[in-house]
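Now for the letters of each chain:
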Amino acid sequence: MNRSFTIFLKLIAVFMIIICLTGCWNRRELDSLSVLVGIGIDKTDEPQKVNVTAQIAIPSKIKTSGNKDESSSSAYWNIQYKAENVFTALRESTFSASRKLYIGQNPIVLFGEDLARDGVQKHIDFFLRDHEARLNEYIVIAKGKAGAILNVKPELEKLPGLNIEKLIDLHYATSKVISARLMDFVSSLASGTTSPVAPMIQVDGASENQKLSMSGTAVFKNDKLTGELDMVQTRGYLWVVDKVKGGLINTKTPNGVICLEILHSKSKMTAKKKEDGSFVIKIAINADINAGNQEEAYNLLLPENISYVENQASDTIKSEIKASLNKAWELKADIFGFGEAIKRKDYKKWESIKDDWDNIFPEIETELEVAVKLRGTGEINKFVQPEPEKREKNNGA
Amino acid sequence: MSSHVKKVIRHFKIQGENLNEDNRKKIDNRKISKGLQNNLNSIRRTFGPSKDVIIREFSFGPKHQTKAALVFIEGLINITVINDNIIKPLMYDSSFLFNKNTVDPSSMEIIKSTMLSVSDIQEAYDIKETVAGCLSGDVAFFINGFSQAFVISCKGFEKRSVEDPQNESVIRGPRESFTENLRTNTALLRRKIKSPALIMETMIIGRKTRTNICITYLMGVASPELIELIKRRLKNISADAILESGYIEQYIEDAPFSIFSTVGYSEKPDVVAAKILEGRAAIIVDGTPFVLTAPMLFIENFQTSEDYYIRTYFASLLRVLRFMSYAISILAPAAYVALTTFHQELIPTALLFTMIAAREGIPFPAVIEAGIMMVTFEILREAGLRLPRPVGQAVSIVGALVIGEAAVTAGIIGAPMVIVVAITAVSSFVIPSNIENATILRMIFLILAGSMGGFGIMISLLGLLIHLSSLKSFGSPYLSPIAPIRPKEMKDVFIRAPLWAMLKRPFDIAHNDINRHKSITIPPDSQENKLSKGGEST
Amino acid sequence: MIFLLISVFIFVALYDIPDLIRKKYWRELVVFSILFLSIFGIVLLQFSGITIPSPIKGVQYILKDLLHLNYQIL
Amino acid sequence: MELEKGKISATHLIFSIGCFIQGSTLLSAFVISVTKQDTWFVVLTGFIISMGTIGIYIALAKMHPHKTIIQMFEAIFGTFIGKIFSILYIFYFLSLAGLNSRDVGNFVVGYIMPETPIIALLIMFVFICSWAVRSGIETMVSYSFLFVVISYIVIIFIFLLLIGEMNFNNFFPAFTLPAIKYVQGTHIVAAIPFSEIVVFLMIVPCLDNQKKVAESFLAGLLIGGITLLAVIIRDIATLGNMISFVTLPSYETVKLIDIAHIITRMEVLYAIELLVLQFFKVSILYYATVLGIAQVFNLRSYKPYILTVGIIIISLSIVVFDSPMENAFWGSTVAPVYSSIFQLLFPGVALITSLIRYIFKGIKVGQS
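Read top to bottom, the protein sequences are chains A, B, C and D. So that you can map any letter, position 137 of the first sequence is 137 in my numbering, and since no number is skipped, the others follow by simple counting. So that you can map any letter, position 167 of the second sequence is 167 in my numbering, and since no number is skipped, the others follow by simple counting. So that you can map any letter, position 6 of the third sequence is 6 in my numbering, and since no number is skipped, the others follow by simple counting. So that you can map any letter, position 154 of the fourth sequence is 154 in my numbering, and since no number is skipped, the others follow by simple counting.
Derived by calculation from the structure, the hints in this document are not laboratory data. There may be inaccurate statements among the hints.
If you want the footprint, here are the derived chain C segments under chain D, 3+ residues with CB under 8 Å [unchecked claim]:
(1) 1-7
(2) 14-26
(3) 38-49
(4) 58-66
All C-beta atoms, glycine included, are put in the ideal place defined by N, C-alpha and C.
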């Protein structure tokens, strides 16, 4: 029993363990995967069944190397399956798909409008539970059928699913589209008072040159779709929840319309308690803007003109917010999280009014404070035209 | 059971050797007799039929009546010295030496002090000593009528001159390297460290090869226990042959079954000098340009001499780069296999599509694919190294074409795998001293990654960590400044701090004289500021 | 599977016992044998399909159902 | 008759204790499911409470220098009663080792490789731990610093990446739960990560400078406490009200990292950290079990028992719970009580007994 024997035993142990473990459980080669790049869920005629459209990427067709035959065929395959729930549908689609569906890279989950009206929570649960699915998938509500949305072939991208993801990623450009991750959506659901929201998407155009476009925001009451905000109301909503990251404001001035670009904004929503015990929601917004386009000469070098433009812009913002508030009141859906604000402010009071919140919310008072600052005029500081004195001369001549 | 059998076998072996050596010992232990022919016969019998042993008999003294003989081995000695400084003075100028027919013991002393114009002469009293002297390049000088002989040192065999280092090339730094000659090597070290505290102790190891070995260390800096330990281990070597320092390394290292070497080596005198100055001991072996240094820490693989010659920022960057490339060289294929076969959710979507497209239609699973590529690469590397240089080039070109182009186009190997293996290969060359262990580790990691994915990789990394931190090299923990942690020595691990900031030697090696600097040196610029300020005030 | 299990136990015995015998650690050998054989028995039962009660559940029963020292989950 | 000849420095003890506590921080769901967004407060109170229990350990270690907790009990209560306590402690360490290995198994099976049999994972994990234990305490603690540094780097890195996701409104409304929940939460925090360092009373005799016991324990507790607090604050701020729904809050938090779709999928960091820290924790508990067995039976070596105890740990962690749900129930309701018996009750009784002996008999028990 010398040292080398011990070493020998150790080696045997290691090999034994390795041999035992070459069961290779869970091993999937890359070419045995079918990567999902979008899931659409629709209502069917049968009450207990959903129609799931799974979009599978075909990687070998994504990289087209100038081959004309390949570029004509699409780089994805939409497989549809009807089943009791999403999980069953995805599993049972292996009846017709030769590779197991892989959800780990899925960027979006689309719900059809009809299905959303009936409630989405029972379909979302799978995405939270599955170990491969991620909490930052986007939730999108389709106007019409979700399956139809996934069938629209985009021009710039190869895969419709990734196309929709990029459309949502661009929400900061206008701030008229929202982005709702699974996480945000579920977090709202869990709060009990805040209504979840999700972007809506629709198909424009006739069958030949169809394109997708984002259109407003779907508002949920609990997990059921109740109404929608249009683009303007959407931005009003985003102002309140401090998610405006960019976008344009067109403002009227005495000399034509001026288009202002939002550089950045910061908003703060707090609940204040009045003497009589009711609450006021105070929304304070600070926005920095920049002149982006001017139609006629309006001198932005003059202080009074600057403050005029700023006031105009803040009025526009206020009107946008009011539009969204009115819509939310009308739907009785607290999309802004006013309830949460009150809860943070006075938990005991909140406990007493919690059950009656649906009735209190439409009556709630709000205070708007919008401070807009014009931060620049771009690369030129005046409307390009002859200098005033020259113009007078020219006029005189 | 097996140990018993071994013991018996060992017993027989030893007896057999004793029998063999008994005859020889009879001759060896013989004292030098007064009769010259007796001595020469003993010598002849010892060397047997070897033709390179030259016995030159001549006579000198008054009337040339004193018989004498020189015994040496051709090729090991400097023939001019023998001709001009031994034979010539004796034959021409020795007539006054001896009184007629008297053999006076004092005349031996006279010959030594007045006739032989060579520097190193020793007296020998038995045959064994003279034989040993002859074998190491000395000349044995027997005189009829004296029971002693001279062993005159006039070594003069062919040796290589000091050349550029072959393996450790540098951009900046000394270009000399050790040679096969022990004395040249010790001289190279002496020229670097001109201190009497640099001790060079010699030993002869190897019953047959009788290789000269020199233990070099800095007295007062190297810990006495370390030197004691090294000497003890060297004395325990009972091997018959020491042909290269690698032999010594395997006999004295702490962990012979580890894939990591716990004895360092270098062929550059400046590297060895730096290690001696940090409190290590160097073992110079005659016949090889590779000098061993001990103890060796894992971190030494990542430190090169050049790090200390160039500026600190770039040196630190290189350090980090070396750690990264070591990590890549052991982990890249395993990580690739684990990612593509177990954890696809960790690959970004666009990259995943590219990888799937590349793998489409590949017949092997990713592990096998990686294994094939790695084995092919190792074969190519070995072939390129061993073949004569021009053919080696051809081999690598053919290999690159076969692997890089043909295999991918034929759809046997995926292109990403080629990239991964290529990166692995290139990064394994960054640290040549780690190639051995990196190759083995890569294989182990690949197998575990193939069966258990990331969990397997983590388990094997933990195993690696345990193994590394349980290793010791001559009493110093192998992973020293990292585990056990020595916060002050982190200046020379992931970064290389300026030399004036590295005040201390590594604690685990030089704990009895830890200070590198005599006093705390301030950075040069602040010293100058002080000077200039002083100048202004006066 | 049983074969694998037995070979694992044989390996453990081969690995640890010779050292004890060589050093003449007889008391250690007795403790080792008791420990080794009992766990061998338990694992063998476990592998042949008999449910081994969890000791932690036993503790849970004592603390929760007998002594009522637990917190309530809500 | 020294069982363990290794000597460890105070620095290593500090970082080992810190690393040991960090091992539990990633599995914080037990307490989060109870106190939700107020968990940060519970961590602070738990920290303060456990300073008290650690005071007991320090006092015991000071009164009985160069003794492990098992030798202490034999010195205090005599051989027979001492051995009963010792066997209970061995069971405690063993059960903790089993539970923690099971946590690793549950994580890997539940989140990374669901089709893998848990026994395969446990065999590998415990094999690695047994390797560590065999290499001796000196080696085991030597990489603690590395682990602490790695986990701090990972935590800071993740914190920076998640700053955009954090919303500090998630901490409000604060203190709305019934008071019993805070008591329960404090108890869980004090019992499950913090006071588990009672196991280090098995290692303290190896400390080269026995005067530094108190500093080492408190500094280690601080390292672990800061980590736990940082992780809890990060998770609450990021996940908000979702935190009480998810099974592993830290894991889901890390999964949310997404910076421009480029820096994303960082959960691998969490998995690495969990494995490394749990490896350290289990190997310390494993070592304590093996050393305890050797000391109870007055054996001259603990090394022969390592593999056998390893098999016990594997077998225990397979039978211990049928599912993670049972584990979670145990963790948030019974485990704090169970742990407190060994963390507070027994050491407290031991301390009082030895104090009484010290006062009345005027002899120091430690000197026997």
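Results for each hint:
Counting residues of the segment 1-7 of chain C whose beta carbon lies closer than 8 Å to any beta carbon of chain D gives 0, which falls short of the minimum of three for the stated coverage. Closer than 8 Å: that is the beta-carbon criterion, and the segment 14-26 of chain C has 7 residues meeting it against chain D, so the requirement of 3 holds. For the segment 38-49 of chain C, the stated coverage by chain D is satisfied: 4 residues place a CB nearer than 8 Å to a CB of that chain, which reaches the threshold of 3. Counting residues of the segment 58-66 of chain C whose C-beta sits closer than 8 Å to any C-beta of chain D gives 4, which meets the bar of three, so the coverage hint holds.
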